[in-house]
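Undergrad: In my numbering, the protein residues as written are 22 to 261.
Incorrect hints may appear among the rest.
[Claimed, not checked] Think about it this way: if two alpha-carbon atoms lie no more than 20 angstroms apart in a straight line, the pair counts; the simulated PhoX-like pairs of lysine-lysine are:
#1 Lys83 to Lys143
#2 Lys71 to Lys56
#3 Lys71 to Lys59
#4 Lys34 to Lys59
#5 Lys34 to Lys71
#6 Lys220 to Lys260
[To be verified] Taking CB as the label site, the calculated pair distances span:
#7 Asn74 to Ser203: 43 to 53 angstroms
#8 Ser182 to Asp243: 35 to 45 angstroms
#9 His173 to Asn237: 47 to 57 angstroms
#10 Ser72 to Met22: 27 to 37 angstroms
#11 Ser72 to Ser203: 55 to 65 angstroms
#12 Arg88 to Ala248: 28 to 38 angstroms
By construction, these hints were calculated from the structure, which means they are not laboratory data. Positions of the beta carbon are idealized from the N, C-alpha and C atoms, including for glycine.
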Amino acid sequence: MLNLADLKRWLHKDLQASDKLLLLLASIEESCQVKDIKSRAVEAGFRIPKSWNVSALLGRSKGKAIRTPQGWELSEEGHEHLASLGVFKANPEIQRVSVELRRHASAIANSQVREFVEEAIKCHESKFFRSAVVMSWLGAVAVLHAEVVNNHLAEFNAEASKRKGKWKPAKSADDLGNMRESEFLDVLQAISVIGKNVKTALRHCLDRRNACGHPNSYQLADNTVAAHIEVLVLNVFSKF
Numbered sequence: 022m023l024n025l026a027d028l029k030r031w032l033h034k035d036l037q038a039s040d041k042l043l044l045l046l047a048s049i050e051e052s053c054q055v056k057d058i059k060s061r062a063v064e065a066g067f068r069i070p071k072s073w074n075v076s077a078l079l080g081r082s083k084g085k086a087i088r089t090p091q092g093w094e095l096s097e098e099g100h101e102h103l104a105s106l107g108v109f110k111a112n113p114e115i116q117r118v119s120v121e122l123r124r125h126a127s128a129i130a131n132s133q134v135r136e137f138v139e140e141a142i143k144c145h146e147s148k149f150f151r152s153a154v155v156m157s158w159l160g161a162v163a164v165l166h167a168e169v170v171n172n173h174l175a176e177f178n179a180e181a182s183k184r185k186g187k188w189k190p191a192k193s194a195d196d197l198g199n200m201r202e203s204e205f206l207d208v209l210q211a212i213s214v215i216g217k218n219v220k221t222a223l224r225h226c227l228d229r230r231n232a233c234g235h236p237n238s239y240q241l242a243d244n245t246v247a248a249h250i251e252v253l254v255l256n257v258f259s260k261f
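Take the sequences, apply the hints, and build the full model.
TA: Here you go:
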């Protein structure tokens, strides 16, 4: 998200009208209406000219801005476009983690899992931190599901049946999705797919994923998300 000080600095540069509107979207955390965009511009000391048709300009942005039922939003492509203009400063930690995660992503055979990981990378680079946390966790769980199905299914079902009397033996990754993720981690530890300390680290990642997956006041930034993804890289993506 673009703070007010940076918004002021960039809005008063010689930029195209569409780029200035994208800057305004980047400074508003939630979906917004045209009136919200104009109000934000005034806060930054810039009055949108009456000749600008805000919706039309955003609509012609080639996907850099998207209109949802709730209002206008800056898309991933829009964020990347602003980054190419130099609006967002590159964070070395973000770049390092992205390179590492991309290296592991290229080796993932399952195309669906690889897509989750690649989307998490893009979200992290674009500072869509909640999305990065959620997508990287989903990718890690998909990897663990595949590991169980391919190599540990019988022992997993045996342990799960001990813990959950009504457990219906899983035959596929979709079946494993019927178990709560916290319980899934417990079973993985019990059958020695992961160790106790790894389970603890993954539990923290799960808690963070749950916090990011629901509307609330939880805040996080570069380093927290980098650490979250790094835990998943070191303990899941690089091992299974």
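Undergrad: Determine for every hint whether it applies to the structure shown.
TA: Hints and how they fare:
A threshold of 20 angstroms between alpha carbons decides the hint, and for Lys83 with Lys143 the separation of about 19 angstroms falls inside it, so the pair holds. At most 20 angstroms may separate the alpha-carbon atoms for a hinted pair to count; Lys71 and Lys56 meet this at roughly 13 angstroms. Using a Cα cut-off of 20 angstroms, the hinted pair Lys71 and Lys59 holds, with the two alpha carbons roughly 11 angstroms apart. For the suggested pair Lys34 and Lys59, the alpha carbons sit about 17 angstroms apart, so the restraint of at most 20 angstroms is met.
Taken as a hint, the Lys34 and Lys71 pair is honoured in the structure, with Cα atoms around 19 angstroms apart against an allowance of 20 angstroms. Using a Cα cut-off of 20 angstroms, the hinted pair Lys220 and Lys260 holds, with the two alpha carbons roughly 14 angstroms apart. At about 50 angstroms, the beta-carbon gap between Asn74 and Ser203 stays in the expected band of 43 to 53 angstroms. Separated by about 43 angstroms at the C-beta atoms, Ser182 and Asp243 satisfy the suggested range of 35 to 45 angstroms.
At about 35 angstroms, the beta-carbon gap between His173 and Asn237 misses the expected band of 47 to 57 angstroms. At roughly 28 angstroms, the beta carbons of Ser72 and Met22 sit within the given window of 27 to 37 angstroms. Distance hint check for Ser72 and Ser203: the Cβ-Cβ separation is about 56 angstroms, which falls inside the suggested range of 55 to 65 angstroms. The beta-carbon spacing between Arg88 and Ala248, approximately 35 angstroms, falls within the hinted interval of 28 to 38 angstroms.
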